[in-house]
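S.K.: So the sequences go chain by chain: D, L, R and C. Numbering-wise, our numbering puts 277 at position 277 of the first sequence, and it's gapless, one number per residue. Numbering-wise, our numbering puts 83 at position 83 of the second sequence, and it's gapless, one number per residue. Numbering-wise, our numbering puts 7 at position 7 of the third sequence, and it's gapless, one number per residue. Numbering-wise, our numbering puts 16 at position 16 of the fourth sequence, and it's gapless, one number per residue.
Since the hints were derived computationally from the structure, they do not count as laboratory data. Among the hints, erroneous ones may be present.
Copies of the same chain look alike in the list, so a pair counts if it works inside one copy or between any two.
[What the hints assert, rightly or not] Only pairs whose alpha carbons sit at most 20 Å apart, straight line, appear in this in silico SDA-like list of lysine to any residue:
#	residue 1	residue 2
1	K131	P58
2	K158	A39
3	K131	M211
4	K37	F160
5	K158	R213
6	K158	M211
7	K157	E205
8	K158	A24
9	K158	D60
10	K158	G128
11	K37	R147
12	K158	M223
13	K158	P69
14	K37	P16
15	K158	S209
Being a predicted model, the structure only gives us computed values, none of them experimental.
These are the residues of each chain, in order.
Number of protein chains: 4
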Amino acid sequence: MTVNVGWIGLGLIGKPMARRLVQAGYPVTVWNRTPAKAADLIREGARLAATPREAAAPADVLFTCVSDPPAVEAALWGDDGAMAGLRAGSVLVDSSTVAPALARREAAAAAARGVEFLEAPVTGGTWGAEKGELVFLVGGEAATLERVQPLLAHLGKKWFHLGPHGAGQTVKLAMNMLYALEVQGLAEALALVTGSGVPADKLLEVLASSMGRAPVLDIKAPMMTSRNFAPSFPLRLMHKDLGLALELANQLGIPLPATAAARETYSAVKGAAQEDVDYAAVMNFWRRP
Amino acid sequence: MTVNVGWIGLGLIGKPMARRLVQAGYPVTVWNRTPAKAADLIREGARLAATPREAAAPADVLFTCVSDPPAVEAALWGDDGAMAGLRAGSVLVDSSTVAPALARREAAAAAARGVEFLEAPVTGGTWGAEKGELVFLVGGEAATLERVQPLLAHLGKKWFHLGPHGAGQTVKLAMNMLYALEVQGLAEALALVTGSGVPADKLLEVLASSMGRAPVLDIKAPMMTSRNFAPSFPLRLMHKDLGLALELANQLGIPLPATAAARETYSAVKGAAQEDVDYAAVMNFWRRP
Amino acid sequence: MTVNVGWIGLGLIGKPMARRLVQAGYPVTVWNRTPAKAADLIREGARLAATPREAAAPADVLFTCVSDPPAVEAALWGDDGAMAGLRAGSVLVDSSTVAPALARREAAAAAARGVEFLEAPVTGGTWGAEKGELVFLVGGEAATLERVQPLLAHLGKKWFHLGPHGAGQTVKLAMNMLYALEVQGLAEALALVTGSGVPADKLLEVLASSMGRAPVLDIKAPMMTSRNFAPSFPLRLMHKDLGLALELANQLGIPLPATAAARETYSAVKGAAQEDVDYAAVMNFWRRP
Amino acid sequence: MTVNVGWIGLGLIGKPMARRLVQAGYPVTVWNRTPAKAADLIREGARLAATPREAAAPADVLFTCVSDPPAVEAALWGDDGAMAGLRAGSVLVDSSTVAPALARREAAAAAARGVEFLEAPVTGGTWGAEKGELVFLVGGEAATLERVQPLLAHLGKKWFHLGPHGAGQTVKLAMNMLYALEVQGLAEALALVTGSGVPADKLLEVLASSMGRAPVLDIKAPMMTSRNFAPSFPLRLMHKDLGLALELANQLGIPLPATAAARETYSAVKGAAQEDVDYAAVMNFWRRP
Numbered sequence: 001m002t003v004n005v006g007w008i009g010l011g012l013i014g015k016p017m018a019r020r021l022v023q024a025g026y027p028v029t030v031w032n033r034t035p036a037k038a039a040d041l042i043r044e045g046a047r048l049a050a051t052p053r054e055a056a057a058p059a060d061v062l063f064t065c066v067s068d069p070p071a072v073e074a075a076l077w078g079d080d081g082a083m084a085g086l087r088a089g090s091v092l093v094d095s096s097t098v099a100p101a102l103a104r105r106e107a108a109a110a111a112a113r114g115v116e117f118l119e120a121p122v123t124g125g126t127w128g129a130e131k132g133e134l135v136f137l138v139g140g141e142a143a144t145l146e147r148v149q150p151l152l153a154h155l156g157k158k159w160f161h162l163g164p165h166g167a168g169q170t171v172k173l174a175m176n177m178l179y180a181l182e183v184q185g186l187a188e189a190l191a192l193v194t195g196s197g198v199p200a201d202k203l204l205e206v207l208a209s210s211m212g213r214a215p216v217l218d219i220k221a222p223m224m225t226s227r228n229f230a231p232s233f234p235l236r237l238m239h240k241d242l243g244l245a246l247e248l249a250n251q252l253g254i255p256l257p258a259t260a261a262a263r264e265t266y267s268a269v270k271g272a273a274q275e276d277v278d279y280a281a282v283m284n285f286w287r288r289p
Numbered sequence: 001m002t003v004n005v006g007w008i009g010l011g012l013i014g015k016p017m018a019r020r021l022v023q024a025g026y027p028v029t030v031w032n033r034t035p036a037k038a039a040d041l042i043r044e045g046a047r048l049a050a051t052p053r054e055a056a057a058p059a060d061v062l063f064t065c066v067s068d069p070p071a072v073e074a075a076l077w078g079d080d081g082a083m084a085g086l087r088a089g090s091v092l093v094d095s096s097t098v099a100p101a102l103a104r105r106e107a108a109a110a111a112a113r114g115v116e117f118l119e120a121p122v123t124g125g126t127w128g129a130e131k132g133e134l135v136f137l138v139g140g141e142a143a144t145l146e147r148v149q150p151l152l153a154h155l156g157k158k159w160f161h162l163g164p165h166g167a168g169q170t171v172k173l174a175m176n177m178l179y180a181l182e183v184q185g186l187a188e189a190l191a192l193v194t195g196s197g198v199p200a201d202k203l204l205e206v207l208a209s210s211m212g213r214a215p216v217l218d219i220k221a222p223m224m225t226s227r228n229f230a231p232s233f234p235l236r237l238m239h240k241d242l243g244l245a246l247e248l249a250n251q252l253g254i255p256l257p258a259t260a261a262a263r264e265t266y267s268a269v270k271g272a273a274q275e276d277v278d279y280a281a282v283m284n285f286w287r288r289p
Numbered sequence: 001m002t003v004n005v006g007w008i009g010l011g012l013i014g015k016p017m018a019r020r021l022v023q024a025g026y027p028v029t030v031w032n033r034t035p036a037k038a039a040d041l042i043r044e045g046a047r048l049a050a051t052p053r054e055a056a057a058p059a060d061v062l063f064t065c066v067s068d069p070p071a072v073e074a075a076l077w078g079d080d081g082a083m084a085g086l087r088a089g090s091v092l093v094d095s096s097t098v099a100p101a102l103a104r105r106e107a108a109a110a111a112a113r114g115v116e117f118l119e120a121p122v123t124g125g126t127w128g129a130e131k132g133e134l135v136f137l138v139g140g141e142a143a144t145l146e147r148v149q150p151l152l153a154h155l156g157k158k159w160f161h162l163g164p165h166g167a168g169q170t171v172k173l174a175m176n177m178l179y180a181l182e183v184q185g186l187a188e189a190l191a192l193v194t195g196s197g198v199p200a201d202k203l204l205e206v207l208a209s210s211m212g213r214a215p216v217l218d219i220k221a222p223m224m225t226s227r228n229f230a231p232s233f234p235l236r237l238m239h240k241d242l243g244l245a246l247e248l249a250n251q252l253g254i255p256l257p258a259t260a261a262a263r264e265t266y267s268a269v270k271g272a273a274q275e276d277v278d279y280a281a282v283m284n285f286w287r288r289p
Numbered sequence: 001m002t003v004n005v006g007w008i009g010l011g012l013i014g015k016p017m018a019r020r021l022v023q024a025g026y027p028v029t030v031w032n033r034t035p036a037k038a039a040d041l042i043r044e045g046a047r048l049a050a051t052p053r054e055a056a057a058p059a060d061v062l063f064t065c066v067s068d069p070p071a072v073e074a075a076l077w078g079d080d081g082a083m084a085g086l087r088a089g090s091v092l093v094d095s096s097t098v099a100p101a102l103a104r105r106e107a108a109a110a111a112a113r114g115v116e117f118l119e120a121p122v123t124g125g126t127w128g129a130e131k132g133e134l135v136f137l138v139g140g141e142a143a144t145l146e147r148v149q150p151l152l153a154h155l156g157k158k159w160f161h162l163g164p165h166g167a168g169q170t171v172k173l174a175m176n177m178l179y180a181l182e183v184q185g186l187a188e189a190l191a192l193v194t195g196s197g198v199p200a201d202k203l204l205e206v207l208a209s210s211m212g213r214a215p216v217l218d219i220k221a222p223m224m225t226s227r228n229f230a231p232s233f234p235l236r237l238m239h240k241d242l243g244l245a246l247e248l249a250n251q252l253g254i255p256l257p258a259t260a261a262a263r264e265t266y267s268a269v270k271g272a273a274q275e276d277v278d279y280a281a282v283m284n285f286w287r288r289p
């Protein structure tokens, strides 16, 4: 039996994901705030919905993959929002990165309509989305995960079932914090070394054969030394995720001193109108007058 | 022609280093603030000096490997200090981690006596020191490095020549900052995840197959989740090195916001009388009443 | 002509404010989430509304004074919310402390119904509310302020017209940040002095005749040294306001490093279940095991 | 009986202090690293010493008032240092701001020569020094304080005896931390307000009638809004004192998160070659490209 797919959000991650499902032969109905971005997908076989609700109506499984919590809220609960269009028995999968509390709110609203909900934020970037090598950090019922697994298999190489609703988003935020602090650590180390008159390459040479080496640093280090920040993960979104992590931690009364310090650094760089470059551009904090 | 070695400092790193030279057949004269710690080395063939000066007097190459800047100053310039004992034509190698400015001061004082100086702080820990697998971060003249290379070859597997005096210490401090922030990142991520009710293992499972994975985290993560902090690198010394890095950066006017935040976290844990455990114990910041 | 007053929110500040209007002879219709808290006001002459909408319906001027943004949203736009009850030509005055963006949203929603809006967060605490000595930090039209001035005159001693909608909340958040950092500064200074073995009183003696003396420190210092934290302004609310300030700053790309560090300190204390005490209890950050 | 005064350090504070003693009729022998700065004092009746030791030799009371710990160490223990010149029975008063540990080291070295020691760092700035309205924060024996009180009475309006050696410096560092955080609080508040498009004056108007008002803010606020940073207390010295406070706290294991964050802000501004302006120039942290 054919599985009808609805898809909301055609950004840097969402669009290549949707394309893979179109290419796999699924009927896919897409909605995007800027419809023009859907043009090539339509030519490739997707159907365009005029509203989130229209994308949801025929869907057995509806994916949402948008940039931040307000975008999720608008897509689900705004005018002609998707939530009102979902049929009982369908599944809603949110691949956006949002607060765990919002994930739980989505789950509750879905349940009230007889819809199963799964949060499934992803890591792997545009590259992973294009190659179908994303990793899904899943929160929700195991049975729901099983239902959508055939679809996820077209999109990613791995899914971690991390617990009930909220757990997937919590781990996603924690992972992004960790990435941000690793990159911040490298940025501060580079600032110290180059500010002392030692070439950046000397540090990177030592790093490469050290216990501190991490793939994320292998990728970001050349961006930071060449100041070429073509976005793999935009600074704007990393900054948003640090904010979500801090908001969560502050609700729980868990101090995150270094994350808080790092976020202000990202904020300063964001303020200098560089928010769409890669988050490795946090290095620009040290390019001062 | 036999090379006479002088050795000052028989701590967690210095002692296994000195032992390897004794075992390699070099005549080694050692001095340690607490002479009792030299007992087994003496049995194995080393000679005990009563003062740093006595250890320096016969040395073609004098190594110092002590815990902090005051200990270096005391050993070199205190009563019966080593500097006054060094012969023209000999080499002084300091494997302690200290401020670049102190390294330059050592170099100048040595030069005034016709002594060549090399800073060569190490990474690799006790384990690396025992196996002869240390990495040396060297600042000074290439020719001096060449002179001592046969000795270093017994002690380590690699040496990076990073520039003139000061460069080795600068890179060493930068690397330790980076380790500290990677571990801090993991600690804050674990605090958030477990404080949210998600098991720590879920985060570690995701980390293991992520771009954020680093050998130092593979080693520290189990210590942090089991709260077993047998020291590989004592928190006290990491805390000291963060202080040296911040002092250097503040002299240069280079802000290091996350490093500064992390240092205060280490400080809080140090204050709770846990300074001799591994620096992974920064995790204890989140074990609060 | 009689002015009918609606009042939403009977907390530590709102209730004494409402009481002063009842005592001044205004017909006041009140609503509170916990109706029991209205009992004495009803005996004194106020009328109880069953919903926010009912409190709004008869009002020429409706005041809201609740604890945080979600409470404002619930009161205005939740089930039977006040916004739907407001008559064209009436005035809505929000004395809650919320984000400037929410204030602008309130203004827009009010305008759509022909209702004038004023944000008027207050300083002065319970004591000021009881004595009618509050200070209002007003954003909105001068003409609207003029309309409600006779009411404000019963409640406060001063009102600052700070600019258009949003300006009042912005200045309120900035003032609370400043208070928080002054108190944080005193807390850190006390921690250093007492941790060094010098009695706290020695610092306070010097402070009292110094350029650093501020009324807020005169009030908080004895609370901090006696560890008696009877709430004048609850830590929970200060913590919330620091979060709002940081959220605003991060949207604008303005780094606030010390505020961010202070917020994590408040967060740690809040996590230790002390959120209803006065914010001077940030001092408890340094009472560690 | 005439009291012979020795004076070391003719900076922004030291010189007007020395002048007041000359004017009061004391025989004063001065030494300064840059002798040219003594020229006018010599014309007014002071005697110039060629070395610190020479300034100390005739002194019944020797004052030192230099900019930082290395300057104190050089003056006391460097070539022809003052310590070696002091006579038994004389008094050494150090009005520099240094670490408590250094104060205790000074006390011990003085005691070994039969010299009494008092630390007496000052607040009040150049203006207070000229008018004889300084405040002394004293550590040491009460009897020593009594001996030098007639001299202090020419220099200041008040002296606090804060405890044994070290206590005066500890309280001085704590007070400077508090000033720095009050000014940082105002700077961050101004950055938020003006970054939001609200004029700085609106915040200052509210501040002026608030519980947060402090004399130090009355003085710094106009400097910060006009960006006119004529130095009353140079940023370089405040930055140094924050470093001393953090060093002390880190030795004790007392976390100072907001002070640490503030220090990095000062560091960034210092790095922009603005270290000789007033510390209110920390405001320049927010003047970014």
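S.K.: Indicate, hint by hint, whether the structure satisfies it.
M.R.: Against the structure, the hints come out as follows:
{"no.": "1", "hint": "K131 <-> P58", "result": "neither (27 Å within a copy, 62 Å between copies)"}
{"no.": "2", "hint": "K158 <-> A39", "result": "neither (30 Å within a copy, 56 Å between copies)"}
{"no.": "3", "hint": "K131 <-> M211", "result": "between (30 Å within a copy, 16 Å between copies)"}
{"no.": "4", "hint": "K37 <-> F160", "result": "neither (31 Å within a copy, 48 Å between copies)"}
{"no.": "5", "hint": "K158 <-> R213", "result": "between (23 Å within a copy, 16 Å between copies)"}
{"no.": "6", "hint": "K158 <-> M211", "result": "between (26 Å within a copy, 14 Å between copies)"}
{"no.": "7", "hint": "K157 <-> E205", "result": "between (32 Å within a copy, 15 Å between copies)"}
{"no.": "8", "hint": "K158 <-> A24", "result": "within (18 Å within a copy, 51 Å between copies)"}
{"no.": "9", "hint": "K158 <-> D60", "result": "neither (22 Å within a copy, 59 Å between copies)"}
{"no.": "10", "hint": "K158 <-> G128", "result": "within (11 Å within a copy, 36 Å between copies)"}
{"no.": "11", "hint": "K37 <-> R147", "result": "neither (29 Å within a copy, 50 Å between copies)"}
{"no.": "12", "hint": "K158 <-> M223", "result": "neither (28 Å within a copy, 27 Å between copies)"}
{"no.": "13", "hint": "K158 <-> P69", "result": "neither (25 Å within a copy, 39 Å between copies)"}
{"no.": "14", "hint": "K37 <-> P16", "result": "within (12 Å within a copy, 56 Å between copies)"}
{"no.": "15", "hint": "K158 <-> S209", "result": "between (29 Å within a copy, 10 Å between copies)"}
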